[in-house]
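Participant: Each chain is listed here by its residues.
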Amino acid sequence: MTLQHYLVISAILFTLGIFAVLTRRNAISILMGIELILNSCNLNFAAFSRFMTPPEDISGQIIAIFGIVLAAAEAAVFLAIILAIYREFGSIRPNEVDTLKG
Amino acid sequence: MVVPLISLILLCPLAAFAIFALLGLGNRSFPRQDYLSTAAMLIGLVCSLLLLREVVPGPAPHTVKWISLGGVTFSMGFYLDSVTVIMLIVVTLVSSLVHIFSMGYMHGDPRYPRFFAYLSLFSFSMLFLVVSDNLLGIYIGWELVGLCSYLLIGFWFEKDSAADACKKAFLTTRVGDVGMFIGMMMLFTKFKTLSLYGEGGIFALAASLNTGDMVWLSIAGVLIFCGALGKSAQVPLHTWLPDAMEGPTPVSALIHAATMVAAGVYLTARMFPILTETSSLVIAYIGGITALIAATIAIVRFDIKRVLAYSTISQLGYMMLGIGVGSYVAGLFHLTTHAFFKALLFLGSGSVIHAFHAMHAHDDHDEHDHAAHGDHDLVHAHGSEIPPDQDMRNMGGLRHKMPITFVTMLIATLSISGVPFVFSGFWSKDAILGGVLGRAMEWNSVHHYLLFGIALFAAGITAFYMFRLIFMTFFGEPRNQEMHDMAHESPKSMTVPLLILAVLSLPIVNILWFNEDYVKPPEQPHLHTPQHAYVSPDSKTDKAGITLSLFGVSEAVAAEEGGHDTHGAHADDGHHGHHGPAHTIAMVLSILVAGLGILLSWMFYHRRSLSAQSVATTFRPLYNLFWHKYYFDEFYDGVLVALTVWKARLFAQFDGTIVDGIVNGVGTVTRDFLAVFIGIFDNRVVDGLVNRVAEVTWAIGGRVRRIQTGAIQTYLFVVLAGIVLLILIFRVL
Numbered sequence: 001m002t003l004q005h006y007l008v009i010s011a012i013l014f015t016l017g018i019f020a021v022l023t024r025r026n027a028i029s030i031l032m033g034i035e036l037i038l039n040s041c042n043l044n045f046a047a048f049s050r051f052m053t054p055p056e057d058i059s060g061q062i063i064a065i066f067g068i069v070l071a072a073a074e075a076a077v078f079l080a081i082i083l084a085i086y087r088e089f090g091s092i093r094p095n096e097v098d099t100l101k102g
Numbered sequence: 103m104v105v106p107l108i109s110l111i112l113l114c115p116l117a118a119f120a121i122f123a124l125l126g127l128g129n130r131s132f133p134r135q136d137y138l139s140t141a142a143m144l145i146g147l148v149c150s151l152l153l154l155r156e157v158v159p160g161p162a163p164h165t166v167k168w169i170s171l172g173g174v175t176f177s178m179g180f181y182l183d184s185v186t187v188i189m190l191i192v193v194t195l196v197s198s199l200v201h202i203f204s205m206g207y208m209h210g211d212p213r214y215p216r217f218f219a220y221l222s223l224f225s226f227s228m229l230f231l232v233v234s235d236n237l238l239g240i241y242i243g244w245e246l247v248g249l250c251s252y253l254l255i256g257f258w259f260e261k262d263s264a265a266d267a268c269k270k271a272f273l274t275t276r277v278g279d280v281g282m283f284i285g286m287m288m289l290f291t292k293f294k295t296l297s298l299y300g301e302g303g304i305f306a307l308a309a310s311l312n313t314g315d316m317v318w319l320s321i322a323g324v325l326i327f328c329g330a331l332g333k334s335a336q337v338p339l340h341t342w343l344p345d346a347m348e349g350p351t352p353v354s355a356l357i358h359a360a361t362m363v364a365a366g367v368y369l370t371a372r373m374f375p376i377l378t379e380t381s382s383l384v385i386a387y388i389g390g391i392t393a394l395i396a397a398t399i400a401i402v403r404f405d406i407k408r409v410l411a412y413s414t415i416s417q418l419g420y421m422m423l424g425i426g427v428g429s430y431v432a433g434l435f436h437l438t439t440h441a442f443f444k445a446l447l448f449l450g451s452g453s454v455i456h457a458f459h460a461m462h463a464h465d466d467h468d469e470h471d472h473a474a475h476g477d478h479d480l481v482h483a484h485g486s487e488i489p490p491d492q493d494m495r496n497m498g499g500l501r502h503k504m505p506i507t508f509v510t511m512l513i514a515t516l517s518i519s520g521v522p523f524v525f526s527g528f529w530s531k532d533a534i535l536g537g538v539l540g541r542a543m544e545w546n547s548v549h550h551y552l553l554f555g556i557a558l559f560a561a562g563i564t565a566f567y568m569f570r571l572i573f574m575t576f577f578g579e580p581r582n583q584e585m586h587d588m589a590h591e592s593p594k595s596m597t598v599p600l601l602i603l604a605v606l607s608l609p610i611v612n613i614l615w616f617n618e619d620y621v622k623p624p625e626q627p628h629l630h631t632p633q634h635a636y637v638s639p640d641s642k643t644d645k646a647g648i649t650l651s652l653f654g655v656s657e658a659v660a661a662e663e664g665g666h667d668t669h670g671a672h673a674d675d676g677h678h679g680h681h682g683p684a685h686t687i688a689m690v691l692s693i694l695v696a697g698l699g700i701l702l703s704w705m706f707y708h709r710r711s712l713s714a715q716s717v718a719t720t721f722r723p724l725y726n727l728f729w730h731k732y733y734f735d736e737f738y739d740g741v742l743v744a745l746t747v748w749k750a751r752l753f754a755q756f757d758g759t760i761v762d763g764i765v766n767g768v769g770t771v772t773r774d775f776l777a778v779f780i781g782i783f784d785n786r787v788v789d790g791l792v793n794r795v796a797e798v799t800w801a802i803g804g805r806v807r808r809i810q811t812g813a814i815q816t817y818l819f820v821v822l823a824g825i826v827l828l829i830l831i832f833r834v835l
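Going down the list, the sequences are from chains Y and F.
Letter by letter, the first sequence follows residues 1 to 102 of this note's numbering.
Letter by letter, the second sequence follows residues 103 to 835 of this note's numbering.
One chain only, chain F, in its complex shape (with noise of 0.2 angstroms):
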């Protein structure tokens, strides 16, 4: 059953996206593409939830040979394991509500078919990079999506800033992908495989290797992981996707918050099972870093998906952290509950972009000075470029404007801040809290301290921001009045999927994840307790993620003898004492940095009991940097850019002058001196050899044509004349 489910999966987005590439690309495509990709999906759905009973409880590949060259074997095929079937649940219905959002999104635009198209290819790709069970396969899956989000960022590519931002993308994800091959090509290398599972894969071959190719293997996985730095943005090649906000908001919501980008969380849990403690230290500072950087950019944007693009870096951040604590469950299960509430909010600031959408069609031109309307007259360089329908200087007031819009927007925000116990972001941030804390003090690891002290100074700045976001957005007084009274609430195609993932951000996916019998991380083999470490040897890998349980009461605390342990932990374990303390000084700390995040947000932007303008001139330089971006894109036009533009003049002048220098001077040769010759020979001796014979033929021409007469008495006469004469021949003879 497993296997025709999962080619049902793949190949109905594949076929929804061959009908329309087979009927012309668009010039006459099939009449309901929308329908017919999003029937595509659902079927998908359903099969993904089929699956959901054949695959238990873990690790069994379902792998199809398919194809075998020359002396080497690449072979294709399908791993499945519990961790596979939640992503296949999470892309096809993520990608279903987006599908059906977009019903009412894009209605009328001229490329309507071709966006629902698009959409089916991506979902295609997404779910083989899902389900490949070794590196080749993610890897054609892995620049299909890429390829996808190309198409789909620049989908209204008549915008200049849309066609920018489609190469950047590109470009940007590639630079990453050039290390995840040059790693892929590592591996392969050593083990003439890139199968992943089974006796002769990778991972089965990594667990032999002794202690002495451990760099050899650090570097590997940190090359892999390279690739998975491009696509889930993360310092410092993150630049990439704010840009990518330029295309339409359902794909931001689909591909650039809930999947795509979150490939690379996926590629790295994968790769699991390889990584090192280098490695892996590298993945959590790397994760670490970037969610407070986000974070900490996101505080200052006013454009409403620049806002929720950080947000979706700094959280790709958390689950990297997660990975690299060790904490696969943990990072995993953010990944999903990210999905939907992500999906959930960059769905509802597509229904706020829409409601004012619809008034800007009538009054297209009146420009007005946004920075006005704001307290933020600190507002420079950058403010003008935001779109006046995602500036949210013009919005405030909209939720008596757009009821379900602001209520399903407030369950993710709730979600996304980690309010707890009801919002599943609570359950998965803070399972990676408590990993990384866990992990510190399992190992004693200053490393783990301080980044369990950037994730929660940076679980503080998500409440803050995403709370200043709800509160600009929704509370206080209209601030474009002209704007306010176009705004409606959006039709239902709109509001039902919203309605659907604003559920989906209540702790429903916990009982997958907390199911310990369903999901288990795999084995690191070459990931050791440091010496330091005060734990005892035979412990290995930290399954924090599972120490938790639906709404923290467990049936495994019943059990336990400690009643203070709200968690429940492994019994079975050996090394619960560790983790106990680890989530529940974990939980009580993020529950006080998000409470002092909301109410940070509360006092500067709803009541205004502080002054955001006063605090941002006080800590100037620290605004400026935030606003900058900490410079990223300033670095890379003044560093790299400049640096490759001036590289790129020193080759054409040396094109220009040397190569073409020599060009030049042989052609000089040639033409001066042997064509000279050539052309003398070719003049006297092949001319005047062909002009002979001609004259020859010429003159010999004009004697004999007089014999034509044209006058049939003659050629008569002649006739009979030698008629005449054979007969005296005959005769004679």
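This is chain Y alone, in the form it adopts within the complex (with noise of 0.2 angstroms):
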């Protein structure tokens, strides 16, 4: 298990993550797009600590838990105004919430 490994397995989460972010039709999906995207991130860090620095710098790994702590916070927050806009509009499917249309 190389460096090499854990980027490729980093990529392919962080593209499956674009790709529903861009494709799905349900915020809800979107969420976990978005998820998908920061895991990979967290991958990222924690791989090149590993690899890259000395084993007593834990930096790297401090930071990827940092970033799910962050990534939890932000899904509450998501939920609250998913919650909102669903009161407002009846839907969570982006793409009907275009009131700003020009």
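These are calculated hints, taken from the structure and not from any lab test.
Keep in mind the model is a prediction, meaning the values are calculated, not measured.
Treat the hints with caution; some may be incorrect.
Chain F residues, not near chain Y, derived (Cβ > 10 angstroms throughout) [as the list claims (entries may be wrong)]: (1) V104; (2) P133; (3) W258; (4) T686; (5) I780; (6) V788; (7) E797; (8) A813; (9) I814; (10) L818; (11) F832.
Partial pick of chain F residues on the chain Y-facing surface, computed with a CB cut under 8 angstroms [unchecked claim]: (12) I401; (13) Q810; (14) T811; (15) Q815; (16) F819; (17) A823.
Glycine is no exception: its CB is placed at the ideal position from the N, C-alpha and C atoms.
Using the hints, put the two chains back together into the complex; each one sits in its own frame.
Facilitator: Pasting the structure below:
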């Protein structure tokens, strides 16, 4: 298991995340895509920390943990927004929320 | 001590008014404004009495420089001599008594506090006028008392007659004031100062003028006298004063009898040193004519207040006459005595009106046919305008109902009629008559003999109409039983001032005026004895007033070798030979005419052995002349007012046709020609430019707006594409 394996996995996760964010018609699915992107980043931090720095230096891992916490908080806010949008528009499909359309 | 005292005298009434004004002009007035104003006046009275001791004997200026402007210096200051102090005492005393009287008379009036505040403002203005040492200060006080007079005449402004009367008073006096202002400006142009006293003052400078300037100085003197003409209601500007009786009666007593109208006399007396022979004669003639005309009008009036108003005009004429013949002291002495007994007469009439007024409140609309009650069926025209509670034809027999009012008014009437020795009016009037005759004999002047005749005749008429008032009001049978039953004596706050004034109508003030060490008349450098006079050239001015003394028994008489001269004369004057006989003759004649007047009055109005009606029918034209007040009002309405209205119409027509025509023509040209071109330019060029810009912006906006789809994922895609593009670019570079 070399650094390349981790980076490939991470790249695949990132791409899947982007794909989900751009294509899904459901806001929850978009959230899931965002989570994938965030986790691919965390994976990168952890991998680079493991392979590129001395073993004493664990700052990469710590940033990954911060990223997880951040993702949790972000998910909470996102879901709250989704609820508010549902109340307002009766739907959570992003393409139906288009009051800013020119 | 003098300056603090005089400041206190001025500031107290001003403060009383200021408190009223600051509390919102009557909305939330000080709860006891009446006590406040009265207290202020009483303090002023005490201070004035203290000043009496301070300012002895005579002209000592206490000038306080106040203001200094630019190249020319205007100074404000006080000038106190014995005359000023006596005036201060008269004003504060009468004002205090009127304040106290008003507490009873004005009780229950909706604007009660405002009345007292106005009285305070008036008192301040009058006192300021009295103590000013320069024409500017006098003029300021002069206009302020005019304003107060206006406010107080129109105090019951709900009545149309009161509103008209206050406007008439203000405008008529303004006519005189314009003359006064021109006179002031003449003096100012010549002397570059408005101060009267001191080395650089007008009097000092005027004294050094030579004979070439006499015409000019006479004109200036007469013009300044014009102010007095209006304020003191002299013919021909006298018509406002009878109408001013629309104001509350205490106001009539204070302003239109005792003090403000006397300000004109005071001003003329102040200007005494610059009076020339011509201006003196003008003043004397106007005074004499006024005395006669007003007295004759008073005979036929039925409104008790109008009788007193014409009487006031007549007495003011006497004072002017006195000053005009050089009897400075006599004129001012008469001012003082008149202030007291005329205030008493007015307050007494107020007491009578008050007595009827209470009844009036019960029985408001029961209008009687007044003419039917009296014996004067000749009443026409103005007869119906008299308020029933002021109409003497409704009175009669009141002496039992109102004993205090009756006795005090009788004392004042005896005083004004010139009943000898124990009443002050006799002394002052006789001083003037003696002064006129003295001047006539001294100068051997036809003018002054004529004036003496006029004054003597008017004195007789005065006695006649004053006793007519007393007989009609207080004697005989009640003419209107219903009103008579309701009448009652007035409350103490009203009778006490009456009693005090009655005491003052006795010759008390004589002590001041007959004290030669205290009152000294100023010199008249430009009044020369005419060539034809047969007196020694060193005798200058007549000091007639001083030659009298209290009760006619003077210490000087004892020293005099000629025991026939009961008046006493100056041993040092060198011309007492003319005054002694003059005063004796004047006194005897004035007692005679006064007695005759009273006798005739008694026969007409009490004993009724003569019928006023038949006399009036016999002398119908004369009666009509008096009844219509010499047609002055008709003349003013018919000529001056009509001329003014005609002139106004003319100018209105000029405005309507020519000025409006020009304006409209310019308007038409602008609208029909210029505006059309400018309109086209605006529509085509300016609007076009603006519209084009707007259209272009609109078109661009319409296209560009489509970029904003509102779909999040589209935006995200564009962002991603942008990032990819950036990465590619940086990779390539």
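Participant: Run every hint past the structure and note whether it holds.
Facilitator: Each hint, compared with the structure:
no.	hint	in the structure
1	V104	holds, 90 angstroms
2	P133	holds, 67 angstroms
3	W258	holds, 74 angstroms
4	T686	holds, 118 angstroms
5	I780	holds, 41 angstroms
6	V788	holds, 32 angstroms
7	E797	holds, 19 angstroms
8	A813	violated, 5 angstroms
9	I814	violated, 5 angstroms
10	L818	violated, 6 angstroms
11	F832	holds, 19 angstroms
12	I401	violated, 100 angstroms
13	Q810	holds, 3 angstroms
14	T811	holds, 6 angstroms
15	Q815	holds, 6 angstroms
16	F819	holds, 6 angstroms
17	A823	violated, 10 angstroms
Hints 8, 9, 10, 12 and 17 from the list above are not met by this structure, while the remaining hints are.
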